[in-house]
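Chemist: Chain residues, written in single-letter form:
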Amino acid sequence: MMGLVVLCGVLLSACALLWLARHDPKRLRVLGRRHAAAALAPRRLAVLIALAPGLAMLLRADWAELMIWAGAVLAIGWLLTQTLAVRAR
Amino acid sequence: MIRLPQRETKSLLAIHGWSAVFLGLLLYVVIVTGVASVFADEIGDWASPLPTATTQRFPAGLDQPLQQFAASVDPELRESFFAFPRAGGRILAQFHRDEKDAKGRPTERGVTVDIDPHTLQIENRRAGDAEQMDAGDRSNRLADFFVNLHVHLHVPNPWGLLLTGVLGLAMMVAAVSGFLMHRHLLRELFTLRRRRGDLLSKRDAHAVAGSWNLLFSFLLAFTGSFFSFATSFGVPVMAMVAFNGDQAKAFETFIGNPPVNDPRPAPMASIEAMLADATHRAGADTFFISVEHWGRADARATISMLPPEGELAGTTYVYDGPSGAFQYEKPALGRVPSLGGSLFSLMAPLHFGNFAGVLSKAVWFALGFAAAYVALSGLRLWTQRRAAERAWRPLAYAVTGFGYGLPLSLLVASVVFFVARSADIDVNTAMMRSFLATLTLSVFGSALVDNARAARTMLALTGALLLALPVLRLACGGPTWAEMFATAQLVVPAIDTALTLSGLICLTFAWRAARVPRADAPVQLKEVRG
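Protein chains in written order, with this note's numbering: chain V, 1 to 89; chain P, 90 to 619.
The following block holds chain P by itself, in its conformation from the complex:
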């Protein structure tokens, strides 16, 4: 498509390959967990459904438990409040204040509760810093495990965010260099040679998947990098340069909603009335509520709406806390509509693909799956081309170990989630330990036994665990399909079915791989070793 001199093409190939060699495995982890995170809400609903379906995101009568919760919280912690629906429709509500830890790093301290949307009872109260509040949340742990792995690889911030930001940049580099060096991108869009040499068919598989996925790979990498760098790098640097190091002040300016300081006590107006007004204005349901200075004369509520049908982004409204009066529609950045603000508001829907419910999520899931395939097939291609070189063997084992071991490890962590929650033990620690142990075993297992056999075994185990998860969900006290159909909660049967079908597909592939002898890279490695 673009004719470059041979020397430039070689340089691009080196950039494309080496950026993948150094960061490809971590990038693969971020992509695979990102694919799972597309359905984070549904995974939460599936793992922790309530007996009755919720019909509204924010149920009628919510004012009473919110007022009760606010009254029970130390006024010092009522600096910031937010609430939004989570697993099964439970309303997660939190009061917190921003503080600095002993090392001067920004942190927060507060109280979080779940509100049952049917009984309006306050449940599962947990207090402390952000980590302690998160640890007490058992209904969302499974989805959060995937999301945290995707967002910062469970590495403490800001390093985790910086790392995933760099990985996003690497993905962009790979996409652009792949585009520039693929001379026949359009001409070979439908060409996938399988009958010729194995390396050629693998090269085709990587190039074809990359070509079809090029546009969205770039889009997802760009928006992902933006999110990672914006909070870990962008805001601190901007704060240092323009706000004398005051990050809170910098945030206030970007967000454009600085509170006027008036600490006199004043009762909070009805949140439900504000929600009703916002819904009427937007023609869409509420996504998220936040309140600054709850219970004070300067309290201000910000209500973010879901996008109306056919739109990518929703609107945000600001209300006066004590009177409940509508104040203004807030752009995504600052106080005045701007091109930057409009572009900023597109970042989230374009990255999460959640602007049209399950329909857009399904498409984003497929695109993420294709991106994971591109990353893994590229790494396998790189190592197989160097199969004869001893120095590349560790990477070849790591590629097989991560490629097949990562989905397996995520499934083991999911199994452990159900078991640990039933046994009432620390779910977070158990999930993380089982995940790391399985991943380590997968990588070393790929090096110790025949590479191809290791891959087949991991694929078969992945299939078996996919089939086991719906059964385990039931065995650990989850509702039956009959109960879910009776209450119109279709997410549980839908995910059970998807897991079962995926399990059968994995087992079929593992069985076929065992029966059909292939001139595969792992076999080549074995031959070289022999």
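The following block holds chain V by itself, in its conformation from the complex:
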């Protein structure tokens, strides 16, 4: 059960991180595609969605799930950045 909850949380956060990475203004400016950057409001919403599973786990005091989710999301964030940088070649 715990594994499923964490997996769903990580998937949701990873999707939000992917969207944030693809619409990140600094990254797009480096690529010369400044116009494709998302506005502030949708980016804030995406940040909220990315953090939502962690906040839910925090409120429910599910510490083990929270630690796994946080670790997985941070590792995925790094991998996403690496992958998207390779694509930007």
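These are calculated hints, taken from the structure and not from any lab test.
Careful, some of the hints might be misleading.
[Unchecked claim] Here are the computed lysine to any residue pairs in the SDA-like style, where the Cα-Cα straight-line distance is at most 20 Å: (1) P:Lys419 x P:Ala437; (2) P:Lys450 x V:Lys26; (3) V:Lys26 x P:Leu288.
We have chain V already, so just place chain P on it with the hints.
Modeler: Using the frame of chain V, we list chain P on its own:
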């Protein structure tokens, strides 16, 4: 993120860089071996599986071999006892007493055995001091080699622990100074420039990995330092100040479980019954058993439980030895629950990442890998920025030698483990010699030949050895996949597959590095030399 004046930023950069220059290579060794140690239990199961899978951590019928073992041990050595499952599910059981060596340093003397969880036979009996008992343990040697390198770099204690404690502090300094001097931590979280100058892309790679890993780097460094300093420094100092130098007394007070002295002989109650009661109370399986004064009227059993699902830490119960009666639930520190005790109980799960089985271990492995990448990329960045300065070249060679040579050396030691165990020669010595020889060759090889070519060669060799290990495991008498699937021991096929995939990835990277010309630091070094 935090706007600091330029002078402060420069000072922080100097602290960040120089702490890495002096301690970075050793820190890299500690991190890489820590990454491997996350799966120490699984590595033990993979290297030394039993023909049949174990279904319980402590098998039914354990009382009989434990009583038999206790009866065979000199009563003087029955001062302390512990047992827990190790490679393949074998129960490692040990009786020992704490003594002092000729120089007055604390040491221990005892007897250790393995208990087969299926046949309940006592096997592999070894006696002597801690080192002699360890040396006789052949099934856990591979995992222990990684763990000992991670914990104290194979340097005798307390110096090894002090060293790794200092390395943990250096990692914390690097994390905090990196956080403070990175002005655009959040803004550049997704920015990894690869098309501009090579140094800039390397700076981005280091900063991005460091930013994503900042929180856990600090956490792992803090908890690691705590473990290193607590036993090597904290307890002796505390004992000196508050207990007139009596470390045993200090430990008793911290642990909160001082035995009442009653040396009258009394038979030990059923350990199995205590385990069943503890499992019922905790709703989780048993992690570890220890008994003080086995066979005496003042015997006391302490049973530590695994964390129940969703929890970070498990509970610990204390039972009366002769009657087997439950006495109390013991906090991690002292006898009364406290904030300090609660924080202390979190140290181990947060450092080891073992609170939710393979799921949490996989995440900790990934975070450790990222931390190793941060350490190595930072060192490479530092040396490449100074590539034109002759004085920095030895460090540049050492960075390449350690960076690529360390994983290679660990793999060579793993190969030697299987060969030495099959040939029935001293596994410990053979592993250590092969490890040091490969690491030395890697460092000097990086200096002698073109740096980039040395790195590619080491990467290719690492890939080849990763592919060879599963084959070697089989060739040295290990079980086949069919046998493991038939007994539901999936750890062996899983690790074989992970090694094979990692080997293919290393070979692919080595092949690509050979084909794609890069404005790499090693090439710059070569140009400068030329």
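Chemist: Now, for every hint given, state plainly whether the structure supports it.
Modeler: These are the hints, each one checked on the structure:
no.: 1; hint: P:Lys419 x P:Ala437; verdict: 16 Å, holds
no.: 2; hint: P:Lys450 x V:Lys26; verdict: 34 Å, violated
no.: 3; hint: V:Lys26 x P:Leu288; verdict: 19 Å, holds
Hint compliance for this structure: hint 2 is the single one not met.
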